[in-house]
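Chains as they are written, first to last, in our numbering: chain A, 599 to 955; chain B, 599 to 955; chain C, 599 to 955; chain D, 599 to 955.
Calculated from the structure, these hints are not laboratory results. Any given hint might turn out to be false.
Because identical chains share one entry, a pair is satisfied inside a single copy or across any pair of copies.
DSSO-like, lysine-lysine: derived pairs with alpha carbons at most 27 Å apart [claimed, not checked]:
#: 1; residue 1: K925; residue 2: K856
#: 2; residue 1: K696; residue 2: K874
#: 3; residue 1: K925; residue 2: K874
#: 4; residue 1: K872; residue 2: K915
#: 5; residue 1: K874; residue 2: K775
#: 6; residue 1: K874; residue 2: K915
#: 7; residue 1: K856; residue 2: K779
#: 8; residue 1: K856; residue 2: K800
#: 9; residue 1: K800; residue 2: K872
#: 10; residue 1: K661; residue 2: K744
#: 11; residue 1: K696; residue 2: K800
#: 12; residue 1: K696; residue 2: K872
This is what each chain is made of:
Protein chains: 4
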Amino acid sequence: MSSIWGNSLKISVFGESHGELVGVTIDGLPCGITLDTDYIENFMARRRPGQNEYSTARNESDKPTLVCGILDGVTTGAPLTAVIYNSDKKSGDYADVKRLARPSHADYAAHIKYLGNNDIRGGGHFSGRLTASIVFAGAVAAQLLKQRGITVGAHIKSVANISDDGFSADIEAQLAKLAQKPFAVINDESAIGMQAAILSAKQQLDSVGGVVECAITGLPAGVGSPMFGGVESRIASIVFGIPAVKGIEFGAGFDITKMTGSQANDEIYAEGGKVKCHSNNNGGITGGITNGMPVIFRVAIKPTPSIARPQRTIDLKTLENGVIEIKGRHDPCIVQRAVPVVEAVAAIAVLDMLLGE
Amino acid sequence: MSSIWGNSLKISVFGESHGELVGVTIDGLPCGITLDTDYIENFMARRRPGQNEYSTARNESDKPTLVCGILDGVTTGAPLTAVIYNSDKKSGDYADVKRLARPSHADYAAHIKYLGNNDIRGGGHFSGRLTASIVFAGAVAAQLLKQRGITVGAHIKSVANISDDGFSADIEAQLAKLAQKPFAVINDESAIGMQAAILSAKQQLDSVGGVVECAITGLPAGVGSPMFGGVESRIASIVFGIPAVKGIEFGAGFDITKMTGSQANDEIYAEGGKVKCHSNNNGGITGGITNGMPVIFRVAIKPTPSIARPQRTIDLKTLENGVIEIKGRHDPCIVQRAVPVVEAVAAIAVLDMLLGE
Amino acid sequence: MSSIWGNSLKISVFGESHGELVGVTIDGLPCGITLDTDYIENFMARRRPGQNEYSTARNESDKPTLVCGILDGVTTGAPLTAVIYNSDKKSGDYADVKRLARPSHADYAAHIKYLGNNDIRGGGHFSGRLTASIVFAGAVAAQLLKQRGITVGAHIKSVANISDDGFSADIEAQLAKLAQKPFAVINDESAIGMQAAILSAKQQLDSVGGVVECAITGLPAGVGSPMFGGVESRIASIVFGIPAVKGIEFGAGFDITKMTGSQANDEIYAEGGKVKCHSNNNGGITGGITNGMPVIFRVAIKPTPSIARPQRTIDLKTLENGVIEIKGRHDPCIVQRAVPVVEAVAAIAVLDMLLGE
Amino acid sequence: MSSIWGNSLKISVFGESHGELVGVTIDGLPCGITLDTDYIENFMARRRPGQNEYSTARNESDKPTLVCGILDGVTTGAPLTAVIYNSDKKSGDYADVKRLARPSHADYAAHIKYLGNNDIRGGGHFSGRLTASIVFAGAVAAQLLKQRGITVGAHIKSVANISDDGFSADIEAQLAKLAQKPFAVINDESAIGMQAAILSAKQQLDSVGGVVECAITGLPAGVGSPMFGGVESRIASIVFGIPAVKGIEFGAGFDITKMTGSQANDEIYAEGGKVKCHSNNNGGITGGITNGMPVIFRVAIKPTPSIARPQRTIDLKTLENGVIEIKGRHDPCIVQRAVPVVEAVAAIAVLDMLLGE
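With the hints as extra help, turn the sequences into a complete structure.
Shown next as structure tokens:
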């Protein structure tokens, strides 16, 4: 029940942070698709660790190995499995914390659920490392969406209390630019403050969080379902599969609660046979179904819980109170690396819905 | 795919706002439960329309009729179906808007998806009226949870820009009080401002939205799963099945993105053999699994889209631009009525997870 | 988990034999279909009890009441729910057997599972009466398939040891004739022996079983999936939802195990651009996927377990050994009434697969 | 939809016959289980090819490599993935048949479904080779069932027209002996005839089929559900995922259709507080729920479709009629190798149901 998601397109995620590999099986992928290796590897490279001072020093090439479901570079229609080997793991770093639960990590909750049998090295199956396989699956999905004229793109909406600009009317151009940027902000000025905030947190043995904003353009009106099969339900259910996510909002989101109906309502007009809205406070979705406006949502990412400062916690075996000092290599901020992960799950969710229509 | 939700406990919702009835089938309900009719009817009464000047004048008794799955008041283990008849429908109110899409309603999106075949009277299957059946199912689930020592309770966290207090350390006492209040706020002072805001919007032929905050107490640590079977994923996927919801956040939610790790992390301690946290910024869930702290989440409810003011829109058949003036009886605010609906879906989600463990 | 079936088209069955009603919700039904009431009622009439001396004297009109999902006779795309009221129930008949488990019925197994809370009157939710709602859903599905050129039809292949002819090359004509017959045999001669066997069993306070053979024609090649999503898997999983079914076989079925490969293999040829096989021992399915030949399968139906003869059994409460004499009105044979039920589930399974392709 | 099965315990199967590997991910496996490597490898060895003259000469060691979900030999609760490398593949054998559809294989059906993109080498994902991964998952499931006192065991009930004895009252002893036999028959005499039939077919460039009979003992009464969640539905849906299966029957199966109710009914008695039946024509299942008697079912396996004799078929690209002579190494009979595969899927189905209760 835990690590499989989807109806028409199913992904099954497996592996651990400090095991041999992480991987994913994609079941229900259309046949006859020539996978665009460059596109997929570029997509994955945006999540890859070890690239700069804003993320962990763990260095992984993150090259996916396709072990089945493909013949001469073309999908066969059979399940496609990709594995990504873990090459730079240092499990020794975790030896001394094996019995001390790291605050705000899954350690204690997982210890209770799995009776102490879970792999605690690097967080095991709970690790953000698992998102490498999700991003592979998402890159494949995004390639298929691109062929249907649908673009999925995200940016760092905020880090700590520094905000980026939002999406404008010319969203397609914004998305095209964002896809090229190593630090995905719309307004490059905002990157300066964000990066300073990350380095400052790093220096203080602390961490920061932020918000990722994602847009899906080109999606026709009429996709989704009322109630539990709605676009918001489907996207939210997979977005919360990303570690560290604590919230999601669509369109104006929580801000819409402070508007009046006359301010919030997206008035409708037709122009040249196309139906549009004067605003997009509903984020492209009404009644669970797309209305032809861009789908917009934001995801709250908490500050990396792994910090080197001493923290109060308990010994999992004795329940004695103690203090933990987490060693190892950690991201002072994962928001920038979460950008392609959010895009990936959005692409998987949208493709799953389209294949099921 | 649309109106069925759940794994071990499945609910199947059916009906339309201005049809004969709405209803729900609960599949997988444990046998041998003596349904507490008073509890269920009180639960449903909190959602019922026509009770005061803050909600629609539509007057429905909302008495559920149990048509199967029960014998001498006790659940048999077979699917339990309840129907709620629509007694006070005035479909004439919709006759003249049948071709004009109501802004921020599902009308246009549904028209495209269902090629004009959807029942537009009162929103049909998209109507908030459907939540009557969800609340029935949720009340049944909540009764079962109560027997396991688990309480689900919610309050109006805000209406427009007026906020209620939040949950305190004495959350159990707060929930007990809230369950008795017709207008569910923790601090009765805040009700005054909220009600004034609702009446003011009503007078201006407008509407307001707000936030519902929900708590689940008594849930043991270890419930849930990593990744897509996490508690947040499951709750979010059903919460977005409620019409008008535009966001959900757990624990500190979007605010956690502005904290540092050292501020956000919930340090752990043991006391008398019990494991607790010094704070609850994760809202009782880490790695998708409960950690024994109360599960806390907030839901953003948009202002009722049905407002009487003239709004720009299109004719669904001709695509001509026009102006709509929505008649009929509408809620100037649905936040107060959404409180039991949020509780209901939370109870369903939690019971589904517990039955599947 | 129990009474809901399907992926793209989901049916949720509810009700009890001696409760107020039985019913079904169809979720995922395409919109814009004008339901053919005559077609559906004729389909259901073939299953209806009380029509002749070969089936139970219980007399039910079996008129479905459509309570939602339809507007002016046309499907809206919202869940379609139909209920069928139980008008001729005589629960008194069951009063004295409430504690004695009827052999080969679900009584004992259900008593253990539901701890004695299950509705034992007429078998409750386990009753063949529930197939009335399945047949409604199947008739709707069959109507949609007909519009796509796909025909589902079945006949009584055998009753006791009397066999009907099998399907011939002119299967379409056979199916057309069968749909008109109250006692669905291909060769009318065989009906004489079958009916005699039924009446003889009835006279001896006994019952007989038989085999229903079903064909699906017009299905294009390429429908289905390898492994667990195969046509055989999907049809089998829903067929065993019919009470009294103890076996299913496709094509030559169990007889294929006595052939050699050279006898069993369906050699292939093309004629006028159409691909066919010289034989159809695989029943139109290879590797889980249709090959364009008619899909053929047979279903084993056990003799009605309700017989009036004294039978050894136990008292469910005391576990004392005893003897039961079942009273009430029972079918001496349900094979003839199972014909439209088998067609119904086949139609549901095929439509579900087609909608998901 | 195709290669994933299960509710509480999910298996996701991947790989191709002549690709690098086949594998399986088991999601939902309980934690804390020390995998019994010997037990699993013995289980898998019974399916392994290349062991004697009755099966294909393809020689595979079939050693599973566990890549995640396990730590120090103990299951962690995270998805467990095992891969089995294909070491003795000779794809050259298939080069000349790439365009000619092999009769009774999936070639033509798959060609239509996958538009020619499917991997045809050795049948690709449709190959019986995939059952190696299913058997791994089944062996793990069977180990867990053993710890709960549940035994799953099968034998060759027939090959061509030679039959083995059936299960007797002392079924536990029979199963214990069968697990040790390389050629799994109850009555060793029957093996002589079966093996002669296989070798005779082999000599004639032909093949034979047969029936596998499976028993599940130790399962308590009360497992399963009415309707679509019944034990028969669940087992049938996974059994038809095994290539070459054309039928399944429970208890007396198709033979029950020739009995009267008084012959077929399993009369009930209690003895020393235990409830049993005087016969087991229902195969341990009534109303979809176990009744405490052994679950018994039989599976029809068709003769291996790959035979060396010339067969009429078509060219997949040109649709021209032609003749195929299949080369390569093939099993003259797969029934004996199907025995552990049937056990495997039965174990998976039962464990899935037990974990969901």
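Each hint, compared with the structure:
no., hint, verdict
1, K925 to K856, "between (43 Å within a copy, 24 Å between copies)"
2, K696 to K874, "between (55 Å within a copy, 19 Å between copies)"
3, K925 to K874, "between (52 Å within a copy, 24 Å between copies)"
4, K872 to K915, "between (63 Å within a copy, 13 Å between copies)"
5, K874 to K775, "within (24 Å within a copy, 46 Å between copies)"
6, K874 to K915, "between (59 Å within a copy, 15 Å between copies)"
7, K856 to K779, "between (34 Å within a copy, 24 Å between copies)"
8, K856 to K800, "between (36 Å within a copy, 15 Å between copies)"
9, K800 to K872, "neither (49 Å within a copy, 33 Å between copies)"
10, K661 to K744, "within (22 Å within a copy, 41 Å between copies)"
11, K696 to K800, "within (24 Å within a copy, 59 Å between copies)"
12, K696 to K872, "between (59 Å within a copy, 20 Å between copies)"
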